[in-house]
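**Q** So the chains spell out like this:
2 protein chains.
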Amino acid sequence: MNSDLSIALDIMGGDRGPEVVFLAANNILKKYNTVHLTLVGLPEALQNIDSSMKGKYRDRISFIEATEVVSMNDNPLEVIRKKKKSSLRLAIEEVKYKRAHACVSSGNTGALMATAKFLLGTIPGVDRPAIISAMPAVNGPVFMLDLGANVDTTPNNLLQFAIMGSIVSKDIMGIESPKIGLLNIGKEEIKGNSLVKDTSKLLSDSNLNYIGFVEGSDIFQNVADVVVTDGFVGNIALKSIEGVASLITYYVKQEFNLNLFRKIQSLLANSSIRGIKKRLDSRRYNGATFVGLNGIVVKSHGHSDSLAFESAIDIAVIEARKDLTSEIKNYIEGL
Amino acid sequence: MNSDLSIALDIMGGDRGPEVVFLAANNILKKYNTVHLTLVGLPEALQNIDSSMKGKYRDRISFIEATEVVSMNDNPLEVIRKKKKSSLRLAIEEVKYKRAHACVSSGNTGALMATAKFLLGTIPGVDRPAIISAMPAVNGPVFMLDLGANVDTTPNNLLQFAIMGSIVSKDIMGIESPKIGLLNIGKEEIKGNSLVKDTSKLLSDSNLNYIGFVEGSDIFQNVADVVVTDGFVGNIALKSIEGVASLITYYVKQEFNLNLFRKIQSLLANSSIRGIKKRLDSRRYNGATFVGLNGIVVKSHGHSDSLAFESAIDIAVIEARKDLTSEIKNYIEGL
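Read top to bottom, the protein sequences are chains W and S.
First residue of the first sequence? That's -3 in my numbering, and the numbers climb one at a time after it.
First residue of the second sequence? That's -3 in my numbering, and the numbers climb one at a time after it.
Since the hints were derived computationally from the structure, they do not count as laboratory data.
Wrong hints could be hidden among the right ones.
One copy or two, either will do: identical chains are not told apart, so a pair holds if it fits within one copy or between any two.
Simulated crosslink set (DSBU-like; lysine-lysine; CA at most 30 Å straight-line) [said to hold, decoys possible]:
hint : residue 1 : residue 2
1    : K187      : K80
2    : K50       : K318
3    : K259      : K273
4    : K52       : K81
5    : K193      : K325
6    : K81       : K50
7    : K249      : K273
8    : K187      : K78
9    : K187      : K81
10   : K175      : K249
11   : K274      : K249
12   : K183      : K80
13   : K274      : K259
14   : K197      : K175
15   : K81       : K183
16   : K249      : K259
17   : K183      : K249
18   : K183      : K78
19   : K273      : K175
20   : K50       : K26
21   : K187      : K92
22   : K50       : K80
23   : K193      : K78
24   : K27       : K52
25   : K197      : K183
26   : K318      : K166
Given the structure is predicted, the values throughout are model-derived calculations rather than measurements.
Looking at chain W on its own, in the form it has when it is part of the complex:
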């Protein structure tokens, strides 16, 4: 097998069906010629893969048949107990048994996190895994965590999130010493709740490049390279950001469709509008990594189309090449 890196893909997880994963897989196999992909899904879904793609990449593609699928409404603990042959679980098992360097799924976030935690376990010295993703900003992506893995968080958890975020930023953005900001309601030391005040002390005493408190609006101005917060605040901020971005897209569409004159304007302004759309394209930011586990698990958005799923696989490829898990392990051991 002429491949150095293997990624397992759960083809059953997303709203848009396995076709999206097949298209993304095809692009990935074309783009990276030493990457191997393992597609995990129900037999009837797997058989729909394009036969020319299957033939063309036969050396770098393999298949695992699952007997069941995790739905968006499944309870995470029930999934662990009962859905042992689901595509979601079998994809993670590929990572657990070192047959894959990472896995990607668009499935139920809670079930994916619970199963990954159960099968892979957390890195020694890491108390809680977290969810990290890139956010758009003026001068390029900023990483933010935790985006919803934990609702009750201690200062020490947040310190560990900062460490892991720093490593992810270094790996993906190539920043030597990423600036760490702690999300708060003001920059002044007296501001905030006891969680952020206590965490700020820990971060100041750490070896990280801690720059202090940052506010919600600072995320998009590259004030920090990594923004650290607890999962409750992080998830609400993330969804508020997604929500307002959709609202604005809706406004833009409405204004350009108000009447015939406006429709003509939109044709004339086509290249600018496409440029704006491209910049606002959340698909380019798809792919949230579960950090702190003994293995790389990337969560793709449930509504992902093929471009979005491809972005998530890209993240998995970069993190696997950098061996993110070992990097975090080594850093924590060295403390």
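Please build the complex by placing chain S on the supplied structure of chain W, with the hints as guidance.
**A** This is chain S only, laid out in the frame that chain W set:
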């Protein structure tokens, strides 16, 4: 004096100087012909008011001279102790001594809240005042609170915020029984931290039209008329929303200024672009009310221009006409 309603304006609070307040005041006096305005500021600032405006509205405008100004960096407690003749404080005193029905300031939020709390006190039965403001949504504004007055909040505080938010929504939007949503990281009952879980029980047992948990993205879809959250989360969500909206505006400008061809496109698409700008115009949403105090205090954004400041005065006028303070008092007494 042929006026039935008086509003005190701190002319010194904003970044853009008293001129902005004068322009807004002029529009307000023109728009509402029974509203009286009291302008509070340093003598040298007050004397710059346009003399024709002063003449035209002489029956509905009065002036109070302050001897000092509260800066953005002043510590709130120091302001209470030492800046007793500041424009910020004298404007609130107009409300305290019933010479004005409401006041508006673009000044230091912390100092404004602390001084208002100190001078006016909270309504009996309200433990903590909160900050409420309108947010843009697909089918018209949604109100959200607390936007940053409190960092440590109990379920009972959040119940009180919900009551006050419901009254503000009824007054300003004319909705008979506003839908109340509690901001959380998912809609399912098992989701969230103990604060939201306990609050949800209280809200279910209340007389409010409580619809359950809402997520960050739901704010912009009018899922609820009032979104309730603690001040830490609310402030971070608010600033994240403002931040991403600015980022998108920046993208739009950049795309239409990329080259000469794009600039021509932007001229051709002028009316659509203006329409989009208007819809995204945060100035139309300016004006956050401090609810739960014995008097109406409206905080205008520090960067407010005259249109934004005018929106904040509009909010004060509506709330004063509805006698918001008595409405909240009566509701709480009736519990």
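**Q** Hint by hint, which ones does this structure get wrong, listed from lowest number up?
**A** Structure breaks no hint.
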